[in-house]
Amino acid sequence: MRRMLLEGLFRRPVTEGAPTIADAEIEALAERLGVAAKARLGRSLSIREVDAGSCNGCELEIHALNNSYYDVERFGLRFVASPRHADVLMVTGPVTANMREGLERTYAATPAPKWVVAIGDCAAGCGVFGKSYAVVGAVSNVIPVDLVIPGCPPEPIDMLKGLVGLIEASARG
Amino acid sequence: MSTLRTALLNAALTVEEQKPWPRITVDADTWRQATLAVAAGNATLSGLWAEPGAVHMALLDDDDGSLMVLTLLASDGRFPSVGLTHPPAQRLERKIVDLYGLIPEGMPDDRRWLDHDRWGVRAPLGSSAPASADGATYPFLKAEGPPLHQIAVGPVHAGIIEPGHFRFSANGEIVVRLEERLGYVHKGIEGLLINTTLEAAAKVVARVSGDSTVAYSLAFARAAEAALGVAVPQRAVWLRALMAELERLANHLGDIGAICNDAAFALMLAHCGMLREEVLRATKIAFGHRLMMDCIVPGGIATDLHDAAPILALTMHIRQRFPRLVELYDNTASLQNRTVSTGRLLPELARRFGAGGPVGRASGRAFDARKAPGYPPYGDLDFKMIKREDGDVDARIWVRIDEVYESLELIEQIVDRLPAGPIAYPLAPALRERKVPQAGGLANEPRDSASEGLAMVEGFRGDILVWLRTDETGHVLRGTVRDPSVFHWPLLEAAIEGNIVADFPLCNKSFNCSYSGHDL
Ligand code: SF4
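Taken in order, these protein sequences are the chains called U and Z. Just so you know, numbering that gives the first Met the number 0 puts 148 at position 149 of the first sequence, and the rest follows in order with no gaps. Just so you know, numbering that gives the first Met the number 0 puts 278 at position 279 of the second sequence, and the rest follows in order with no gaps.
Hints were generated in silico from the structure; no laboratory data involved. Since the model is a prediction, treat every value here as computed from it, not as a measurement. Heads up, the beta-carbon is just placed ideally off N, CA and C, and yes, glycines get one too. Check each hint, because a few of them may be wrong.
In silico lysine-lysine, BS3-like type, Cα no more than 27 Å apart, as pairs [claimed, not checked]: (1) Z:Lys283 - U:Lys160; (2) Z:Lys370 - Z:Lys18; (3) Z:Lys202 - Z:Lys283; (4) U:Lys130 - Z:Lys202.
Partial pick of chain Z residues on the chain U-facing surface, computed with a CB cut under 10 Å [said to hold, decoys possible]: (5) Gly119; (6) Gly516; (7) Asp518.
Listed next, with one range per pair, are the computed distances between beta-carbon atoms [as the list claims (entries may be wrong)]: (8) U:Asn140 - Z:Gly497: 41 to 47 Å; (9) Z:Leu417 - U:Lys130: 38 to 44 Å; (10) Z:Arg320 - U:Asn140: 43 to 49 Å.
Take these sequences, add in the hints, and give me the full structure.
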């Protein structure tokens with residue numbers, strides 16, 4: 000194990016360069032994030048992930064954000080265990096009827112100011128699951144959504160762009 | 000099971016047109032005898048599903064992997080419970096009650112399962128009667144006594160993970176009973192497969208459980224091709240297997256890292272996570288999508304492989320790095336201390352529940368759908384079925400470790416021997432020329448031109464079953480899928496008993512059941 004740890008110290012890091020942000024959606028978002036956010040959050044964001052009905056594909060790619068290639072913590076993004084510690088809810092999946100209350104309660108438990116990021120085509124507009132008795136709708140049909148990151152699933156780099164944009168917007172105030 | 004099969008075939012009222020295995024309609028007595036035979040271990044229950052007015056039960060012969068489907072017409076809305084004598088059927092029966100309103104007579108557990116009183120309808124795929132959508136309280140099973148306390152977890156969990164509720168009854172640190180309550184991500188997939196196009200159905204089935212999207216697409220395509228009697232070009236057959244092994248590789252690497260991480264050994268997660276990421280990057284280059292979603296379609300595959308070099312570079316890289324991670328796992332006593340003898344799943348239970356994949360094979364169940372029933376090109380490839388007997392977290396890690404090597408082996412063989420040629424045959428002309436079989440069957444569906452297909456495919460988690468009924472143009476009339484997790488989830492409840500609460504994440508991750516695949 001010692002050999003691997005030493006190698007880890009001396010090998011070049013595998014992390015990606017920081018993505019550049021120039022997205023209209025993110026620009027629009029900047030307006031919505033007030034001065035309060037900057038005062039309160041600085042450049043650090045705590046994220047709580049909520050699966051409201053996904054196929055778990057989006058979760059896999061959200062997980063990838065934590066691997067050494069993306070390593071989101073270096074952007075000041077942390078995944079936290081409780082909505083009470085979160086600034087951002089990352090929500091996946093078409094919202095199922097059985098998860099609706101869980102999502103609403105998680106949202107209610109998150110202190111303001113808070114932002115909701117809908118991850119994936121399902122969260123954005125139900126994906127292929129729209130015509131079902133068991134699905135109540137897109138995330139925005141249940142709680143207010145600030146940013147949509149489409150894709151099935153969106154790649155980690157797409158999420159990274161969106162999230163860094165969110166932080167920059169909040170820092171700009 | 001062969002004597003059972005002969006007996007059942009002799010008792011058949013009608014034999015339906017289903018490829019490649021028969022589906023026979025039987026009377027209630029034969030149905031009951033079959034449930035007893037399953038309970039006695041003469042066959043493995045592989046699936047149990049319904050449609051209005053009928054129930055179907057898929058029986059698997061563990062030795063040769065052949066399947067057989069029994070159908071019972073339930074014209075009065077009732078059928079003899081399978082779960083009464085064979086507990087693995089219970090959750091499937093509860094699902095049938097919730098979705099179709101058919102009543103399994105004598106079923107031991109009549110609590111609602113997928114229906115949380117949220118849909119606004121009862122039996123949405125049956126009578127579809129309006130109902131309240133206010134939610135109902137769930138009567139958890141009792142575990143009583145002065146020192147016992149309950150711990151409720153979920154549906155929203157602390158990590159980046161799917162939702163479900165766990166109710167622990169603990170005596171101090173020791174878990175006395177775990178009860179799962181699932182169904183939170185029920186999306187009504189069986190409903191979405193009623194009366195739809197082949198393309199739309201393929202897209203839905205590819206999203207039953209995103210981590211197994213290749214395996215599901217493959218199973219769907221094989222069921223559709225069996226039903227429609229169409230062939231697939233050789234190159235597609237081999238590339239499908241390449242995709243399936245890449246998916247297995249990525250998931251096993253991810254799982255090995257994640258299990259060790261739940262024993263607080265983050266170094267393995269960091270390194271396995273990197274290898275997993277490298278697999279996904281190679282698949283993106285090779286097939287244009289990191290998870291290879293929608294890359295397999297009925298009739299062939301959607302994207303050809305133009306350059307195998309990145310894939311060979313990947314296997315070489317993993318062959319260099321992975322053995323050192325295995326060595327690290329093997330030589331770290333503090334980690335082994337957590338995994339060895341933890342969460343033991345008894346071989347007898349694994350057999351009875353027909354546990355597939357690494358969960359079953361780590362508990363001595365020698366079953367791998369790639370070997371039996373088997374499907375091309377695996378018969379032409381050289382690989383071992385990995386099996387262990389201990390049934391603990393450690394055994395489940397080792398099965399995955401050894402399967403990583405087998406998948407590397409398979410990937411290299413496939414790339415080496417990849418046939419040239421087209422990657423898909425267009426379905427339309429094949430369907431026009433196809434001789435339409437005459438099938439008998441249920442009165443309530445236009446059946447005279449219908450045909451059916453059944454397919455079993457080995458995903459990274461275990462065997463996936465897909466059944467499909469189409470008309471002669473390839474239009475999907477009805478379909479169902481069965482995820483290996485359906486049989487793994489109840490076994491997790493058994494494996495955790497007597498372990499400490501703090502080991503639950505470890506056990507849970509070593510099973511890595513799909514919530515979405517279970518809830519459908
Ligand atoms: S967007 Fe795609 S990957 Fe994400 S939950 Fe929906 S189907 Fe799955």
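Is the straight-line distance between the alpha-carbon of Lys130 of chain U and that of Lys202 of chain Z 27 Å or less? 14 Å, holds
Hey, Lys202 of chain Z versus Lys283 of chain Z, does the alpha-carbon distance stay inside 27 Å? 19 Å, holds
Between Leu417 of chain Z and Lys130 of chain U, is the Cβ distance one that fits in 38 to 44 Å? Holds, since Leu417 of chain Z and Lys130 of chain U (Cβ atoms, about 39 Å apart) stay within the stated range.
When the least beta-carbon distance from Asp518 of chain Z to chain U is tested against 10 Å, hint result: At 8 Å from the nearest chain U Cβ, Asp518 of chain Z passes the 10 Å test, so the hint holds.
Is 43 to 49 Å respected by the C-beta to C-beta distance linking Arg320 of chain Z and Asn140 of chain U? 45 Å, holds
Measure nothing beyond the straight line between the CA atoms of Lys370 of chain Z and Lys18 of chain Z; if it is 27 Å or shorter, mark the hint as holding. 19 Å, holds
Is it true that the CA of Lys283 of chain Z sits at most 27 Å from the CA of Lys160 of chain U? 19 Å, holds
With chain U as the partner, please determine if Gly516 of chain Z meets the hint condition of a C-beta pair closer than 10 Å. Check passed: Cβ of Gly516 of chain Z comes within 8 Å of chain U, closer than 10 Å.
Is it true that Asn140 of chain U and Gly497 of chain Z lie within 41 to 47 Å of each other by Cβ? At roughly 44 Å between Cβ atoms, Gly497 of chain Z and Asn140 of chain U fall inside 41 to 47 Å, so the hint holds.
Closest C-beta approach of Gly119 of chain Z to chain U relative to 10 Å, hint status: At 8 Å from the nearest chain U Cβ, Gly119 of chain Z passes the 10 Å test, so the hint holds.
In this structure, every one of the numbered hints holds.
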